[in-house]
Structure formats: structure tokens, C-alpha cells
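**Q** Chains as they are written, first to last, in our numbering: chain S, 62 to 501; chain Y, 101 to 483.
For the record, the hints were derived by calculation from the structure and aren't laboratory data.
From a predicted model like this one, the values you see are computed outputs, not experimental measurements.
Fair warning: there could be bad hints in the mix.
[Said to hold, decoys possible] No more than 35 Å apart at the CA atoms, straight line, and that leaves these computed lysine-lysine pairs for DSBU-like:
#1 S:Lys473 - Y:Lys276
#2 Y:Lys254 - S:Lys424
#3 S:Lys139 - S:Lys215
#4 Y:Lys312 - S:Lys418
#5 Y:Lys381 - S:Lys473
#6 Y:Lys276 - S:Lys418
#7 Y:Lys312 - Y:Lys276
[To be verified] If you want the footprint, here are the derived chain Y segments under chain S, 3+ residues with CB under 8 Å:
#8 271-277
#9 302-312
#10 350-357
#11 373-384
[As the list claims (entries may be wrong)] If we take Cβ atoms under 7 Å as the criterion, some of the chain S residues that face chain Y in the derived model are:
#12 Arg293
#13 Asn298
#14 Thr332
#15 Gly448
#16 Ser456
Every residue gets a Cβ at the ideal spot worked out from N, C-alpha and C, and that includes glycine.
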Amino acid sequence: MTTTLPDAPSQDRRAHSLRPLCLDAATAHACGWVRYEPDSTAVVACEALSHAAGRSAITFGPDRQYPAIRATFDDLNKALSSLANSPRAEGGKTLRQLYDEEVERYEHLVAQAQADGRVEPDYGTYVVDHARGDLYLVAPERWHRLALVTSNSKLLTDPARALTWAEIRARLERAVIGFVGVSVGGNLLEGWLREARPRRVKVADPDWVELTNLNRGERMSLRHVVAPRSARFDPANPYDVPRVAKAEYIAYEQQLVDPYLEVDVYKEGITRENIERFFAGGDGEPPIDILVEEMDNLDLKILVRQVARDHGVDVIMLSDFGHQAHLMWNAFSERHDAPLGLRTDDASLLEALEATKLGDRAKVFQFVGALCGADFASDQFAAWIAGEGEQPTGSLPQSGATAMASGAIGGKEIALRVLGQPVPATGRVVYDLLHREVRT
Amino acid sequence: MPIDTIDDVPNGDAFASWRLAALDPDAFAASAGTMSIETRLHYLASLALLAPSTHNTVPLRLRIDSDAGAIEFALDRCAILPQSDAVGRQATVSLGAAIANAALAASAYGIEPSIELRSNAESLIRPFAEGCDPIVPVARLSIARDVPNAAARKLDIVAAMLRRKMVRAEYDERVKLDPMLAQELADIARRVHRGLTLHLITDAPTLLALGKFQELADSTVINRPAFSRELGDWFLENDSESTVGMRGREFGLSDDAAHRFRAGLTGAGPLLPDETVAFAKAGNLGMRSSSAVAVITAARDDLEHRLAAGRAFEEMALRLWVAGFAVAMHAGITEVEAPNMALRGRLRTFDRPTVVFRTGKPLRPLDGQRPHASRPSLEQVLY
Chain S
62 MTTTLPDAPS
72 QDRRAHSLRP
82 LCLDAATAHA
92 CGWVRYEPDS
102 TAVVACEALS
112 HAAGRSAITF
122 GPDRQYPAIR
132 ATFDDLNKAL
142 SSLANSPRAE
152 GGKTLRQLYD
162 EEVERYEHLV
172 AQAQADGRVE
182 PDYGTYVVDH
192 ARGDLYLVAP
202 ERWHRLALVT
212 SNSKLLTDPA
222 RALTWAEIRA
232 RLERAVIGFV
242 GVSVGGNLLE
252 GWLREARPRR
262 VKVADPDWVE
272 LTNLNRGERM
282 SLRHVVAPRS
292 ARFDPANPYD
302 VPRVAKAEYI
312 AYEQQLVDPY
322 LEVDVYKEGI
332 TRENIERFFA
342 GGDGEPPIDI
352 LVEEMDNLDL
362 KILVRQVARD
372 HGVDVIMLSD
382 FGHQAHLMWN
392 AFSERHDAPL
402 GLRTDDASLL
412 EALEATKLGD
422 RAKVFQFVGA
432 LCGADFASDQ
442 FAAWIAGEGE
452 QPTGSLPQSG
462 ATAMASGAIG
472 GKEIALRVLG
482 QPVPATGRVV
492 YDLLHREVRT
Chain Y
101 MPIDTIDDVP
111 NGDAFASWRL
121 AALDPDAFAA
131 SAGTMSIETR
141 LHYLASLALL
151 APSTHNTVPL
161 RLRIDSDAGA
171 IEFALDRCAI
181 LPQSDAVGRQ
191 ATVSLGAAIA
201 NAALAASAYG
211 IEPSIELRSN
221 AESLIRPFAE
231 GCDPIVPVAR
241 LSIARDVPNA
251 AARKLDIVAA
261 MLRRKMVRAE
271 YDERVKLDPM
281 LAQELADIAR
291 RVHRGLTLHL
301 ITDAPTLLAL
311 GKFQELADST
321 VINRPAFSRE
331 LGDWFLENDS
341 ESTVGMRGRE
351 FGLSDDAAHR
361 FRAGLTGAGP
371 LLPDETVAFA
381 KAGNLGMRSS
391 SAVAVITAAR
401 DDLEHRLAAG
411 RAFEEMALRL
421 WVAGFAVAMH
431 AGITEVEAPN
441 MALRGRLRTF
451 DRPTVVFRTG
461 KPLRPLDGQR
471 PHASRPSLEQ
481 VLY
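Could you put together the complete structure from these sequences and hints?
**A** See below:
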């Protein structure tokens, strides 16, 4: 008998298979984890690499090395203001002052390294992308992450505009948002990360990347359609096509933007087994503050709302219905008895869910109406539901641009909510991209 | 509600086979003389008839030879499906399951059976063609003429034959398979035939992969018009009185949905693309929700191994049923070449996946109460 191993319930979910390995440069040099050969070829060899990549050593020629620290400081130099309104940071200093001090320290270390004949100074973090064979060297967390949010300036504020830039950053950085379903949900994740650049997120999706997802999958590319040939059991079996888990691809891609981002990856998706862990955390994993729900499993859509209500966690969902992006909030943090659906009592919603079990197509859309509002379908999307005209696809039609707009709206909404903005009074806002209208 | 304590046998002649009374060991052993062995063979044949078959085509045909103390197991080529079972593999697996019932029941009542294959049958196990004899004898099960030992026997396996049914529903992923039970299943595979290997899949990523393979298989075949029509022919209205075929309610479908699917598959009515996608996705979800997916691979893809795989499957299914687990077969993944090859890669084997089934406990108790499939009477399958 061959058996597969059951999933370990208490595993550290940050250690997903594509996770780039981060090594502090000073430690890596001192321990010999990263060394350079005379032709500048870098050799990375350490136990952590064995755990992450199953290989004890990887060699990176100069064409696979990307030292990015100088560029980071140059870019920040243009962006950070030296004028009187530069945000205050610790010790009463402005951000600009801290930046200048850091650059001075870095340049001193560079000079030392050059004098010693070393390729790189003891500064920054090596990011070993073992999946693609690239080696990055990035600035320390503070400066790398600062560069990622500098352009956002202070556009995001609390409702009273009372918080300082540093206080706003602290709130956004510590918020933990859970994303279940990362196809359209990946767009919301992108929106949230661009807007807020938090330290940690959770993602759950049981599916793998398919080429047909690429019309809406944020940062999806040929890199994620299939796993490399080396993953095949029989290289000559053309049907043996190992795939890439959506939850892992999105974590990986986002960690190539911010290697310091911690992502708890639930590649089995949300299940009845792990849902409590996803919400409440445990074993060092934090609880979530807000849930982003973008699944297509009807039972789970209800289940996560029930659990979110129990935990007092707000739920946001952006539904891409044809040309419309429907924003829906369940503000369970404010009302522990709030209904699960929009303008529907729970009993009716659950009855509608039960009715979907008998294979009647119309019942599925009646349920969607109960959850999201009976007017959820219009125009070409309504025609598809009615089975009118040509139907090139068997799956629910999804517009790539609507998914992208959903991500932008969702990202902004999450950030505003984290900073204390109320949810829309009606619980829903419809952005109609076809008719260029907004309604509630 | 436990899955074996519900009244799920519909009224009507098409379901009368399920009302067979399980004989206690004394009754089984009591008769003497020529009649006794005939009675026993009829009883064993009646149990064989309850075994599952692909599309519930019930392709087995039986001949009871009281003089020889044997049951001849044959396949009816008219019941071998040209589109979904072009080489008769699934019909053969089905026949293996029927043989398993008879053999296991004989053992349970204290008679050790012997099984003899007709190896020349392999090339004949094909869909019916004009001019050929439709009946292909495949195997013979013989039992000793001695009066069986009526000592107390565990008949739970026989009771399971009378209760077992396919439960094609979403299972509760929280329910785990006991390692001891898993080991028992593996032992069954080894004991039935050394050329079989059981692969028991319980981890989420591999269950997802299997679900995807099944979805691929279902999508492939359902988009082939000839296959779709064939499936539609065996996919019945809920109120059908047919003694073979699958009613929509066995898949959890309402009367309307069953009617719509049958009409759509046969081309007699509309069926939208997303409805067929939903059909395929249901199999995927079923896989992912299972406590385990079992794949029986065979060292060789021949009559002997196919029959053995069917026997092993049925014994596993019965053992699981006794332990409170339901089972659902997924034949598409074994018959459509692309997902079958993909599955070999995933399992890291060169052997052919011959049986794929999933096991678990229904998430919704009502799903466990879906009615049994129909059966012809024993007389109708005797030749």
C-alpha cells in the first residue's frame, strides 16, 4: 500500500514550497552561508536552504544576481522629503534624517567591503529565490518596505485625520487580513498590499493555477501554469503535469515584491477542519481582523460568514458580476446578530442554500440573489444566466477588468476599514463599469 | 443517522432484489441433499446480483450448475458500453465485484469457494457486435458439497451486501480513516491478487489533484456527443421503473433536474454548458471532501487483473460499509486516457489505475438516505 501523509494541523504555514529564503547578509557572510567565488559567482549553502529547496547548495552566476540596495536608497532619495513636513519617526527625527543616517552607514560598510576585497558588505538581506534560481540582495526591512509605500504618501487617514503618518503605518502594518479564494481574491490582496503593505496576511485556496485564470489572476504568468519538468515522476509521460497551488503562487509573487511579508498559506483552502485556525490563529499564527471572501463554494460562503459572525470579524466580498463589481460588507464586528446575507434573513438564505442541493440550476442563482441582492445580474451577465445567445464557456463568465476593478475597490475598502472608516450604510455598493454608474 | 439503519429501498419490482433476507448460518446449513446446494447457490447468486456495476448496467449473467456445485459468471456484451467502456474493462471490474459477493458470502457461511477463470474470454469482452454470441462466460465459482459448518459466523459482511449502495455525495472531510482500517484495505488488495496495489490518498493536495483529474475525465467525456448520449440512455428519470440504469435521485437530483439532465444528455432538451461543468465539478468536490480516495493499480491490464481489482474493490467497499463509511466509484478517471496517465504520474507508478473510488461519511445525513439503485430479478440474469 502506498499512502499519502495527512496534513499536519499545527504546521507553520508560512513555510510554503515557493517561499523565497531570507538570509541576513551579515550573518550569512559570517557563517559562510553566502560566499563569492573570484568571478563573482555566489554560492549559497546552508541548512535552511536544504529545508526550503531540498538542496544543500545553489550556485548563482552573476547573471542571476540582483543586488538592489543601492537602487533602493537612490529611489528613496528622490521620494523622501527633507522639508519641515517630513513625517516624524522615533527619537523626534524626521524620516529624511533617519534615511540620511542609514545611507551614511551603508556607504561606510560598502567602502569597508571594497577595501577588504569583498563583493558585498555585511548589510541587508539575501533573498534566495530557489524556485527560479535568482539571488536578490535587498535593503533592510524598514527601508525596503518604506520604499513600497512612499508614493502612497498620506492619502490614507483615519476618519478624523488625527493620526500621524507613523501611527497610520503602525495600524496598517499590524492588521492581519485573511483572503479565502485568491483568483479574484488575489486582486483584492494586491489592492490591500499596495495600499497598506502589512506585515502578515493569510491566504486560502484549494485550487491550482490554470491558464484560463490568467485573465483575472493578479501576477499570474507562464511561471505558474505548470510546475517544472523535474516535478514529474516520469519525464516521458506527457500527461503527468504537476501544477502550482494558487495559494502558493500568490504568496510567492507577493514575496518577490516584499520578501519580508509573512504569508500563512492554506493551500488546502478553507475547510471545516481548519476554519477555526484560520480565524483565531494558534501556534504563533495570529487571528485575522477582517475576512475577504472570494470563494465559489456556496456552502463555504455561508460557513465562513457564520464563523466570522461568531468571532466578530467583518467580511468583505467583491463579486465580479459581468461588468459590475459588487462590494458587500458584513459588519459583524459591530453587530453580532447581523444577517449573513443582504436584505435577507438567515432562515431564508439557508433555505435558498438547501434548495441548491437538488441540481436545479435556477436555484443556484436564487441563492446568489438571496446573498448578494436580487438585482445582482444585468446586461450580458443576465443573458448568460438566462442561457441566451452564444456561450463559449461553461464556467461563470468573468471579466478581467471587472476583477481588477474589484481588487482596487476591495483593497481601498479594507484599508479604510482598518483605519476606522464605517462600512457603507446599505452594506453594498455596486460599481457598474458598463453604464458608468454607482448604486447601493 | 447511521447509514445502514435507514429504509432506503424503494417500493416496486425493480428494487425487490434488495429485500433478500439474510440467512442465518443454521438456515444456510440446514437443508440436505441436492436441493440444499441449489438453494445455497441461488442464495449466493442473489447476493452477487447486488454488487455494483458500471452505470448500473448489471452486465453479469449467471448460470447455476447444481450438479457441479458451481455458479458460472458471464458477461452480456449487450450491456458493455461502447463509448465509456470500449474494451470492457469496467464491465469486467463489475463482474469481479459480483464474484466477490458470492465468494465472500460463501466464506462467511463456512464454505470455502474456488474460482476458476476462463482466460480465453478476454478478447471477447467487448461491446456487442452483430453476429456474435452476446454471452461470454468468464469465471466459475465452485463450492464444496459438504454441509457447511454452522458454527457461529460473523455475517456482517453479508448484511453489508444487502445495505451497501453508492453514495455520490459530498462527504465530511473531518472524518478520518482509522489507520487499522486502512491497513485492512491494503491487506485485501494483497490477498486478492499480488499484482494489485492499493494507493490510499488522504492529503488535501493529492485529493485536489485527483478531484481535478476526475473533473477532467468527466468534462472530456460529457463533451463527446456519443458518450453524452450513452450516459443519457442510462441516466433515468426518478420515477423510472427500469431494473437497470441510474436514477437522478441517486445523485441527489430533484425530479425536474433529473428530467433536464436526461433530456440534455440525450439531445432531447436543452442543457447549458455550465450545467455540465457543474456535473463535473461535483465529482471534484466529492473527491476533495473524502476521508480517502482509494486507487487500485494493476501490474497488468488483463482479464485476471481486472477481475481481481473488482473483487478487491467490492471487499473493500463492504468492509468500509461495515465500519460506517460510504463509497462512491469514479470510473471516468480509469477509462479516459489523459487523466489516467496523469494519475499514474501523481501516484508515481507505472501500473494502471484500474479502480478509483472514494470513501467517507456524507456531510449531509439526508444524502446518506438516497435510495438504492434498481436491479433485475435473479431469473432475469440467468442464462
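**Q** All hints, please: hold or fail.
**A** For each hint, the structure was consulted:
Annotation: proposed proximity of Lys473 (chain S) to Lys276 (chain Y) is violated, straight-line Cα distance about 41 Å (limit 35 Å). Restraint check for Lys254 (chain Y) and Lys424 (chain S): not satisfied, since their Cα atoms lie roughly 47 Å apart, outside the 35 Å limit. With a C-alpha separation of about 17 Å, the suggested pair Lys139 (chain S) and Lys215 (chain S) falls inside the 35 Å cut-off, and the hint holds. Annotation: proposed proximity of Lys312 (chain Y) to Lys418 (chain S) holds, straight-line Cα distance about 21 Å (limit 35 Å).
Proximity of Lys381 (chain Y) to Lys473 (chain S) is assessed by CA-CA distance (about 33 Å); at most 35 Å being required, the pair is judged to hold. Annotation: proposed proximity of Lys276 (chain Y) to Lys418 (chain S) holds, straight-line Cα distance about 24 Å (limit 35 Å). For the hint linking Lys312 (chain Y) to Lys276 (chain Y), the alpha-carbon distance of about 21 Å falls within 35 Å, and the restraint holds. Look at the region 271-277 of chain Y against chain S: 4 of its residues bring a Cβ nearer than 8 Å to a Cβ of that chain, three or more, so the hint holds.
Coverage of the region 302-312 of chain Y by chain S holds [criterion: at least 3 residues with CB-CB distance below 8 Å; count 8]. Under the rule that three or more residues need a Cβ within less than 8 Å of chain S, the assignment of the region 350-357 of chain Y holds, with 6 such residues. Only residues whose C-beta sits within less than 8 Å of a C-beta in chain S count toward coverage, and the region 373-384 of chain Y has 6 of them, enough to reach three; the restraint holds. For Arg293 (chain S), the suggested interface contact is upheld, since its CB lies about 6 Å from the closest CB of chain Y, less than 7 Å.
Evaluation of the Asn298 (chain S) hint against chain Y yields a held restraint, the C-beta minimum of about 5 Å falling below 7 Å. With a least beta-carbon distance of about 5 Å to chain Y, the hint placing Thr332 (chain S) at the interface is held under the 7 Å criterion. Here the hint on Gly448 (chain S) is kept, as its CB sits about 5 Å from the closest CB of chain Y, short of 7 Å. Interface restraint check for Ser456 (chain S): the shortest CB-CB distance to chain Y comes to about 6 Å, inside 7 Å, so the restraint holds.
Hint compliance for this structure: hints 1 and 2 are broken, all remaining hints hold.
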